[in-house]
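*Asks:* Spelled out from the first residue to the last, the chains are:
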Amino acid sequence: MSFLSIQHVSHTYFTKKTAKTALSGISLDVEEGRFLSFLGPSGCGKTTLLSIIAGLLEPSSGEVLVEGRPIREAQEPMIGYMLQQDYLFPWKTIEENILLGLRILKKDNELSRRKTFKLLKEIGLEGTEKQYPKQLSGGMKQRIALVRTLAAEPKLLLLDEPFSALDFQTKLKLEDLVSATLKSFSKTAILVTHDIGEAIAMSDTIFLFSTNPGRIYKQIDVPEVLRNLTPFNARAHPEYSSLFQTVWKELENLEKQTPSY
Amino acid sequence: MKSKPHRIEQLHQQYIGSLLREKRIVRTYQFFIFAFFFALWELSSWLEWIDPLIFSSPSKIVELLISKIQDGSIFTHIGFTVFETILGFILGTLSGTLLAAFLWWSPLASKVLDPYLVILNAMPKVALGPILIVALGPGFTSIIAMGAIISVIITTIVVYTSFKEVDPNYIKVLKTFGASRYVCFKEAILPASFPTIISTLKVNVGLSWVGVIVGEFLVSQQGLGYLIIYGFQVFNFGLVLMSLLIIAIFATIMYQLVEYLERKIIKSSN
Numbered sequence: 001m002s003f004l005s006i007q008h009v010s011h012t013y014f015t016k017k018t019a020k021t022a023l024s025g026i027s028l029d030v031e032e033g034r035f036l037s038f039l040g041p042s043g044c045g046k047t048t049l050l051s052i053i054a055g056l057l058e059p060s061s062g063e064v065l066v067e068g069r070p071i072r073e074a075q076e077p078m079i080g081y082m083l084q085q086d087y088l089f090p091w092k093t094i095e096e097n098i099l100l101g102l103r104i105l106k107k108d109n110e111l112s113r114r115k116t117f118k119l120l121k122e123i124g125l126e127g128t129e130k131q132y133p134k135q136l137s138g139g140m141k142q143r144i145a146l147v148r149t150l151a152a153e154p155k156l157l158l159l160d161e162p163f164s165a166l167d168f169q170t171k172l173k174l175e176d177l178v179s180a181t182l183k184s185f186s187k188t189a190i191l192v193t194h195d196i197g198e199a200i201a202m203s204d205t206i207f208l209f210s211t212n213p214g215r216i217y218k219q220i221d222v223p224e225v226l227r228n229l230t231p232f233n234a235r236a237h238p239e240y241s242s243l244f245q246t247v248w249k250e251l252e253n254l255e256k257q258t259p260s261y
Numbered sequence: 262m263k264s265k266p267h268r269i270e271q272l273h274q275q276y277i278g279s280l281l282r283e284k285r286i287v288r289t290y291q292f293f294i295f296a297f298f299f300a301l302w303e304l305s306s307w308l309e310w311i312d313p314l315i316f317s318s319p320s321k322i323v324e325l326l327i328s329k330i331q332d333g334s335i336f337t338h339i340g341f342t343v344f345e346t347i348l349g350f351i352l353g354t355l356s357g358t359l360l361a362a363f364l365w366w367s368p369l370a371s372k373v374l375d376p377y378l379v380i381l382n383a384m385p386k387v388a389l390g391p392i393l394i395v396a397l398g399p400g401f402t403s404i405i406a407m408g409a410i411i412s413v414i415i416t417t418i419v420v421y422t423s424f425k426e427v428d429p430n431y432i433k434v435l436k437t438f439g440a441s442r443y444v445c446f447k448e449a450i451l452p453a454s455f456p457t458i459i460s461t462l463k464v465n466v467g468l469s470w471v472g473v474i475v476g477e478f479l480v481s482q483q484g485l486g487y488l489i490i491y492g493f494q495v496f497n498f499g500l501v502l503m504s505l506l507i508i509a510i511f512a513t514i515m516y517q518l519v520e521y522l523e524r525k526i527i528k529s530s531n
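These protein sequences, in sequence, are chains A and B.
First residue of the first sequence: 1, per this note's numbering; consecutive thereafter.
First residue of the second sequence: 262, per this note's numbering; consecutive thereafter.
Just chain A, same shape as in the assembly:
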């Protein structure tokens, strides 16, 4: 039995005049500790799929199972979600922000607090506890958001283009940091992105999505050599360039098949 199993998930958005199918027949299985990427043009339903996996949205049909049980019936939340922006609460201090998940889950005890502050230290932002988000830079805030997400000890991490709003240098540094942090906790993660390089550098497996409706078009496994490198070093490896070319061509083929786009 795989850790995460998505079975024949389809979703349709209804408005008064239209019924737009955002996702159609998505099925995939993920083993524990793997890093997946969903890559595709905007409007291919990647974010919709993440919301469904997170249990925030009920799919029109199909099921999402985590450890064999439907996600919406889970006793306690086991999903961590990171968004494009940090969405730290500006009126809370960093300390209040990172302990928020624990407080809501009623797991705010001495041990979990200590773990969270240790995480903050590991991520290099010790001493910011009493500051407000506004006093920190964009990259720092996104790191705090990572701490907030990990503090609740989710089993599955969903990353919805978390680096897209950052400048390139910060983005590269954060990719390395997130990758190393997730590896050390052996967390399962799904990254949604439209950045080919990011998908290759960070993940074990890449799923290419086509639009209208969103489907899995192709599954590409990232070679072992690249997986074992940090994202930054992976970008410099010769294998990276050749895989980039492959993915690029696949995306171009995909575009040809859907001339409406």
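Hints are computed from structural coordinates only; laboratory data are not their basis.
Small disclaimer: the values here were computed from a predicted structure and weren't measured.
Possibly wrong hints are sitting among the right ones.
Stated by the list, open to error - Just so you have them, the derived chain A footprint on chain B, three or more residues with Cβ under 8 angstroms:
1) 323-333
2) 363-374
Unchecked claim - With a straight-line Cα cutoff of 25 angstroms, these simulated DMTMM-like cross-link-like pairs (lysine to aspartate or glutamate) come out:
3) K187/A to E32/A
4) K525/B to E96/A
5) K115/A to E126/A
6) K447/B to E95/A
7) K134/A to E520/B
8) K372/B to E95/A
9) K447/B to E129/A
10) K134/A to E426/B
11) K171/A to E224/A
12) K525/B to E426/B
13) K433/B to E255/A
14) K130/A to E303/B
15) K183/A to E126/A
16) K92/A to E520/B
17) K187/A to E250/A
18) K433/B to E224/A
19) K218/A to E32/A
20) K433/B to E129/A
21) K155/A to E96/A
22) K447/B to E224/A
23) K372/B to E58/A
24) K155/A to D167/A
25) K92/A to D428/B
26) K447/B to D108/A
27) K321/B to E303/B
28) K107/A to E67/A
29) K525/B to E129/A
30) K20/A to E32/A
31) K525/B to E95/A
Don't be surprised by glycine CBs; every beta carbon is placed ideally from N, CA and C.
Starting from the known structure of chain A, arrange chain B on it as the hints suggest.
*Replies:* Only chain B this time, still in chain A's reference frame:
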């Protein structure tokens, strides 16, 4: 090399100096407008350019005020009106915010109640005065009700709109932690709307004064609104103008207090 930081220091001093100069100019003009207005009023009343019976004069108003202070009666009137206004203001803002919370809580209720809110908002609330007096009795209860009712609907509409405009991604963050609707409200919706609530407070200060003064016109035996209507009835316009000036002073004080509160809250949230 050494003269460079000195030069910057000098420029900085010049800049501070220019700011001070500007402030002094503004203050001077403000003072002159104030002095000119009252001087002209006094003079034109003295020379009977305007009818002194209707427009009185600053000196007569001050004289009247001193006599009212000496017999102590003015303090009861001021206390009465300020008390009613503060209570009406708090009640109106609080119940408006609670109503907004209810509408946010129940999307169905907000859809059902939408046209009623529009009608109630459009209606001039002071027209309800006579009904309130009959229903609540001709006492200070109905005056406070006037002060509250005049601001409650607009508060509801403005605060509810701000509740709806909170970035849904904050809710998403909370929901991934399994937060209930109540937790979402407490942690995200309400604090994110504090700046809006404070700015409605500023509007409500003015509205509550309107409500209370009109209420006192209708029923009261005490208060500044009563003094105005009494002065009008006995044709003592000095009394009317004096009450008006006192209202202006106290309304300004209340407004300044709310602004002070705003600075405090915005400071802590930013």
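*Asks:* Take the hints in turn and mark each one as holding or not.
*Replies:* Hints and how they fare:
Evaluation of the coverage hint for the segment 323-333 of chain B: breached, as 0 residues show C-beta separations to chain A shorter than 8 angstroms, against a requirement of three. With a cut-off of 8 angstroms between beta carbons, the segment 363-374 of chain B has 0 residues touching chain A; three or more are needed, and the interface restraint is violated. Simply put, K187/A and E32/A have alpha-carbon atoms about 7 angstroms apart, close enough for the 25 angstroms limit, and the pair holds. Only pairs whose Cα atoms come within 25 angstroms are accepted, and K525/B paired with E96/A is accepted, the gap being roughly 20 angstroms.
Using a Cα cut-off of 25 angstroms, the hinted pair K115/A and E126/A holds, with the two alpha carbons roughly 13 angstroms apart. Of the pairs offered as hints, the one joining K447/B and E95/A holds, with about 18 angstroms between alpha carbons and a cut-off of 25 angstroms not exceeded. For the hint pairing K134/A with E520/B, the CA-to-CA distance comes to about 23 angstroms; that is within 25 angstroms, so the pair holds. Note on K372/B and E95/A: the hinted pairing is violated, with a Cα-Cα distance of about 39 angstroms set against a maximum of 25 angstroms.
Under the criterion of a C-alpha separation no larger than 25 angstroms, the hint pairing K447/B with E129/A is consistent with the structure, at around 22 angstroms. Note on K134/A and E426/B: the hinted pairing holds, with a Cα-Cα distance of about 21 angstroms set against a maximum of 25 angstroms. Taking the CA atoms of K171/A and E224/A, the gap is near 23 angstroms; set against the 25 angstroms cutoff, the hint holds. The hinted pair formed by K525/B and E426/B meets the criterion: a straight-line CA distance of about 23 angstroms does not exceed 25 angstroms.
With a C-alpha separation of about 32 angstroms, the suggested pairing of K433/B with E255/A is violated against the 25 angstroms cut-off. A C-alpha spacing of about 58 angstroms is found between K130/A and E303/B, which places the hinted pair above 25 angstroms, so the restraint is violated. Simply put, K183/A and E126/A have alpha-carbon atoms about 21 angstroms apart, close enough for the 25 angstroms limit, and the pair holds. The hinted pair formed by K92/A and E520/B meets the criterion: a straight-line CA distance of about 22 angstroms does not exceed 25 angstroms.
Distance check on the hinted pair: K187/A and E250/A sit about 29 angstroms apart at the alpha-carbon level, beyond 25 angstroms; violated. With a C-alpha separation of about 35 angstroms, the suggested pairing of K433/B with E224/A is violated against the 25 angstroms cut-off. A distance of roughly 21 angstroms separates the Cα atoms of K218/A and E32/A; the hinted pair therefore holds under the 25 angstroms criterion. Between K433/B and E129/A the alpha-carbon distance is near 23 angstroms, which keeps this suggested pair within the 25 angstroms criterion.
In summary, the hint linking K155/A to E96/A is supported, as the alpha carbons are separated by about 22 angstroms, within the 25 angstroms threshold. For the hint pairing K447/B with E224/A, the CA-to-CA distance comes to about 47 angstroms; that exceeds 25 angstroms, so the pair is violated. A C-alpha spacing of about 24 angstroms is found between K372/B and E58/A, which places the hinted pair at or below 25 angstroms, so the restraint holds. A C-alpha spacing of about 29 angstroms is found between K155/A and D167/A, which places the hinted pair above 25 angstroms, so the restraint is violated.
Simply put, K92/A and D428/B have alpha-carbon atoms about 16 angstroms apart, close enough for the 25 angstroms limit, and the pair holds. Only pairs whose Cα atoms come within 25 angstroms are accepted, and K447/B paired with D108/A is accepted, the gap being roughly 18 angstroms. Using a Cα cut-off of 25 angstroms, the hinted pair K321/B and E303/B holds, with the two alpha carbons roughly 9 angstroms apart. Of the supplied pair hints, the one linking K107/A and E67/A holds, its CA atoms being roughly 22 angstroms apart against a limit of 25 angstroms.
Between K525/B and E129/A the alpha-carbon distance is near 22 angstroms, which keeps this suggested pair within the 25 angstroms criterion. For the given pair, K20/A sits about 33 angstroms from E32/A by alpha-carbon distance, which is inconsistent with the 25 angstroms threshold. Taking the CA atoms of K525/B and E95/A, the gap is near 21 angstroms; set against the 25 angstroms cutoff, the hint holds.
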